[in-house]
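> Model the full structure from these sequences, guided by the hints.
Below are the chains, spelled out letter by letter.
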Amino acid sequence: MWGVPLDEKRRLATSRRIVMAGSSGPGAGVAAALAADGARVAVLDPGGDGRIGAGPESGGLHRVAADFTSAAAVASGVRAAVEVLGGIDQFVYAWYPEALTEPSTFTEVSEAEWARVCEGPLDAAWWLVRALIGPLRSSGGGSMVFVVPTVGLTGSSGFVMLSVVAEGLRVLAKGCGRCWGEDGVTVNTLATSPSLWVAPDHGARLLREISLSVPAMGRVGDPGDDLAPMIELLGTSEAHFLTSGTLVTDGGLWMGL
Amino acid sequence: MSASPAADAATTAVPAPRLVEGKTIIVTGAGGGVGAGIALSCAAHGANVVIAARRKETGDEVAAEITRRGQYALSVRCDVTVAADVQAAVDAAVERFGGLDCLIHNAVAPVGEPHKVEDVPDATWEAMMSTAVRASYYCAQAAFAQLRERAGTFIILTSAAGVEGSPYIPAYGVVKAAQRGLAKSLAREWGPLGIRVNCIAPVAMTPAMAVSAQNSPVFLEGRLMDRTPLRRIGEPEPDIGPVAVFLASDLARYVAGQTIVVDGGGFTAF
Numbered sequence: 000m001w002g003v004p005l006d007e008k009r010r011l012a013t014s015r016r017i018v019m020a021g022s023s024g025p026g027a028g029v030a031a032a033l034a035a036d037g038a039r040v041a042v043l044d045p046g047g048d049g050r051i052g053a054g055p056e057s058g059g060l061h062r063v064a065a066d067f068t069s070a071a072a073v074a075s076g077v078r079a080a081v082e083v084l085g086g087i088d089q090f091v092y093a094w095y096p097e098a099l100t101e102p103s104t105f106t107e108v109s110e111a112e113w114a115r116v117c118e119g120p121l122d123a124a125w126w127l128v129r130a131l132i133g134p135l136r137s138s139g140g141g142s143m144v145f146v147v148p149t150v151g152l153t154g155s156s157g158f159v160m161l162s163v164v165a166e167g168l169r170v171l172a173k174g175c176g177r178c179w180g181e182d183g184v185t186v187n188t189l190a191t192s193p194s195l196w197v198a199p200d201h202g203a204r205l206l207r208e209i210s211l212s213v214p215a216m217g218r219v220g221d222p223g224d225d226l227a228p229m230i231e232l233l234g235t236s237e238a239h240f241l242t243s244g245t246l247v248t249d250g251g252l253w254m255g256l
Numbered sequence: 000m001s002a003s004p005a006a007d008a009a010t011t012a013v014p015a016p017r018l019v020e021g022k023t024i025i026v027t028g029a030g031g032g033v034g035a036g037i038a039l040s041c042a043a044h045g046a047n048v049v050i051a052a053r054r055k056e057t058g059d060e061v062a063a064e065i066t067r068r069g070q071y072a073l074s075v076r077c078d079v080t081v082a083a084d085v086q087a088a089v090d091a092a093v094e095r096f097g098g099l100d101c102l103i104h105n106a107v108a109p110v111g112e113p114h115k116v117e118d119v120p121d122a123t124w125e126a127m128m129s130t131a132v133r134a135s136y137y138c139a140q141a142a143f144a145q146l147r148e149r150a151g152t153f154i155i156l157t158s159a160a161g162v163e164g165s166p167y168i169p170a171y172g173v174v175k176a177a178q179r180g181l182a183k184s185l186a187r188e189w190g191p192l193g194i195r196v197n198c199i200a201p202v203a204m205t206p207a208m209a210v211s212a213q214n215s216p217v218f219l220e221g222r223l224m225d226r227t228p229l230r231r232i233g234e235p236e237p238d239i240g241p242v243a244v245f246l247a248s249d250l251a252r253y254v255a256g257q258t259i260v261v262d263g264g265g266f267t268a269f
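Here the protein sequences come in this chain order: A and B. First residue of the first sequence? That's 0 in numbering that gives the first Met the number 0, and the numbers climb one at a time after it. First residue of the second sequence? That's 0 in numbering that gives the first Met the number 0, and the numbers climb one at a time after it.
Warning: the hint list may mix true and false statements.
So these bits of chain A aren't anywhere near chain B, every CB distance computed over 12 Å [to be verified]:
#: 1; residue: Pro96
#: 2; residue: Glu107
#: 3; residue: Ala130
#: 4; residue: Gly202
Pulled a few chain A residues facing chain B out of the computed Cβ check, cut under 8 Å [stated by the list, open to error]:
#: 5; residue: Thr153
#: 6; residue: Ser155
#: 7; residue: Ser243
Pulled from the structure, derived: some chain A residues nowhere near chain B, Cβ distances all over 12 Å [said to hold, decoys possible]:
#: 8; residue: Ala35
#: 9; residue: Thr68
#: 10; residue: Ala79
#: 11; residue: Val170
#: 12; residue: Met229
#: 13; residue: Ala238
It should be emphasised that the hints constitute simulated quantities derived from the structure, not laboratory data. No residue lacks a Cβ here, since even glycine has one placed at the ideal position from N, Cα and C.
Encoded structure:
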């Protein structure tokens with residue numbers, strides 16, 4: 000952490016964060032970095048076997064296998080995670096089904112795949128925020144952060160479903176921020192390089208689609224080193240007046256806002 | 000010499016160009032409101048219009064009005080949440096008019112009463128998802144082959160709420176944003192095939208808006224009007240329809256992946 004006051008460092012070290020993430024990928028990197036910085040982190044893992052329960056604690060990181068196929072199941076997973084942590088200060092959404100991060104041609108996407116891969120994460124996010132607002136209010140406020148690829152802003156051939164989900168989540172964050180600001184709950188979006196989420200060869204093509212330039216910082220970012228600090232920042236008192244915002248955190252590649 | 004400037008204008012007026020002459024355009028949710036306005040406007044500009052409405056009797060009325068004006072329309076019953084209905088609408092367009100140049104997906108479930116996120120009824124969320132997100136999938140899939148054949152265009156009606164979110168109708172904002180994500184990516188995927196995809200984000204006085212106005216006159220006459228530089232709520236046919244006509248026409252041949260906000264200037268941030 001750079002330049003964070005000591006009292007904030009102490010608060011971060013004792014903060015309770017729920018991260019929706021898989022066992023690998025950017026979300027997992029973010030969760031590990033948050034835990035390494037001292038937070039207690041419960042990872043809601045949609046790739047689990049559907050059981051609700053806390054896995055063994057490891058370095059402040061708990062894994063909670065969760066079912067995201069119904070509102071009731073999501074609420075159960077959230078309850079389990081909150082119970083493990085003893086409350087919640089921040090929620091981070093950083094998960095996309097593997098099928099979303101693989102290229103596909105829209106006209107070859109079956110209705111069943113559309114429902115499961117594209118609509119499923121939107122349903123899950125909708126149910127999640129509704130289940131989380133009660134515990135966040137009980138904690139006296141807190142923050143939500145949606146980590147999305149910029150393809151929702153830019154569009155992308157071959158990743159139509161990812162674009163649909165990313166833009167839906169980004170505006171879900173805005174709506175939640177508008178609804179819950181007076182509760183002391185901020186809701187923001189980190190828009191990140193799509194190359195973090197897709198295979199490297201596809202990522203290179205996406206970057207060419209997004210911009211004529213290369214990232215100003217010379218790289219597209221690392222979940223632990225570059226994204227996690229932004230998420231931590233959004234959980235501090237310094238960021239208490241920032242809500243419903245989209246922070247493009249891609250090293251200065253897409254500059255359309 | 001004419002008696003008045005108005006009479007001068009009448010005698011020298013140049014007929015409006017018929018921008019979509021001979022094109023076949025399907026409009027979903029065209030039994031009333033914005034959809035009906037778009038359908039009437041497209042027909043006035045020479046299109047063969049397929050009125051796709053869940054309640055066929057409403058679509059029949061709009062088709063009858065178009066026919067009464069000497070233009071061409073076909074009314075089909077179409078619940079956009081049913082894939083077979085959407086496909087049938089496309090098939091009907093092809094059978095009656097020989098092809099399809101444009102599909103405009105306008106239909107969406109009623110937004111219902113204002114709610115905070117946690118209070119939105121499950122049925123409202125499900126209806127939003129099915130009429131906006133799932134139905135967009137159905138429309139795009141059903142129309143693709145025909146649009147490709149004619150280098151056509153796919154237009155989705157979205158909303159400024161799909162850009163800036165809404166504290167009153169948050170579910171609506173989410174699904175309208177999802178549709179914008181779809182349009183932007185489809186524009187990139189279908190552009191090389193000659194198909195343009197765009198969005199229109201209107202604010203117009205529709206029957207649903209009128210009900211909202213009755214329930215919440217302070218919002219409509221106060222907040223919404225205060226934000227609108229043109230100081231009026233749009234009308235479906237004269238204000239929204241022409242923008243759809245433009246996007247469906249060859250004048251917009253180099254416009255793809257965009258959202259045109261047609262709201263009297265209320266929402267300006269992109």
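> Closest CB-CB distance from Met229 of chain A to chain B, is it above 12 Å?
The assertion about Met229 of chain A holds, with a minimum of 20 Å to chain B.
> Confirm or reject: Ala35 of chain A is not an interface residue toward chain B, with every Cβ-Cβ distance exceeding 12 Å.
The claim stands: Ala35 of chain A keeps its Cβ more than 12 Å from every Cβ of chain B (closest is about 32 Å).
> For Ala79 of chain A, is the shortest CB-to-CB distance to chain B above 12 Å, so the non-interface label stands?
Holds, since 20 Å exceeds 12 Å.
> Does the claim that Val170 of chain A lies off the interface hold, with its Cβ farther than 12 Å from every Cβ of chain B?
The assertion about Val170 of chain A is violated, with a minimum of 3 Å to chain B.
> With d taken as the least Cβ-Cβ distance between Ala238 of chain A and chain B, does d exceed 12 Å?
holds (18 Å)
> If you take the shortest Cβ to Cβ gap from Ser243 of chain A to chain B, is it below 8 Å?
Check passed: Cβ of Ser243 of chain A comes within 6 Å of chain B, closer than 8 Å.
> Could you check if Ser155 of chain A really has its C-beta closer than 8 Å to a C-beta on chain B?
holds (5 Å)
> Verify that the Cβ of Thr68 of chain A lies farther than 12 Å from every Cβ atom of chain B, and report whether the claim holds or is violated.
Correct as stated: the minimum Cβ-Cβ distance to chain B is 14 Å, above 12 Å.
> Check the non-interface label on Gly202 of chain A: least C-beta distance to chain B beyond 12 Å or not.
holds (16 Å)
> Tell me if Thr153 of chain A is really an interface residue toward chain B, meaning its C-beta lies closer than 8 Å to one of theirs.
It holds, given that the least Cβ distance between Thr153 of chain A and chain B is near 7 Å, below 8 Å.
> Beyond 12 Å from every Cβ of chain B: is that where the Cβ of Pro96 of chain A lies?
It holds; Pro96 of chain A is separated from chain B by about 15 Å at its closest Cβ, greater than 12 Å.
> Please settle this one: Glu107 of chain A was flagged as non-interface, so is its CB more than 12 Å from every CB on chain B?
Non-interface label fails for Glu107 of chain A: nearest chain B Cβ at 10 Å, not farther than 12 Å.
This entry does not satisfy hints 2, 3 and 11, going by the numbered hints stated previously.
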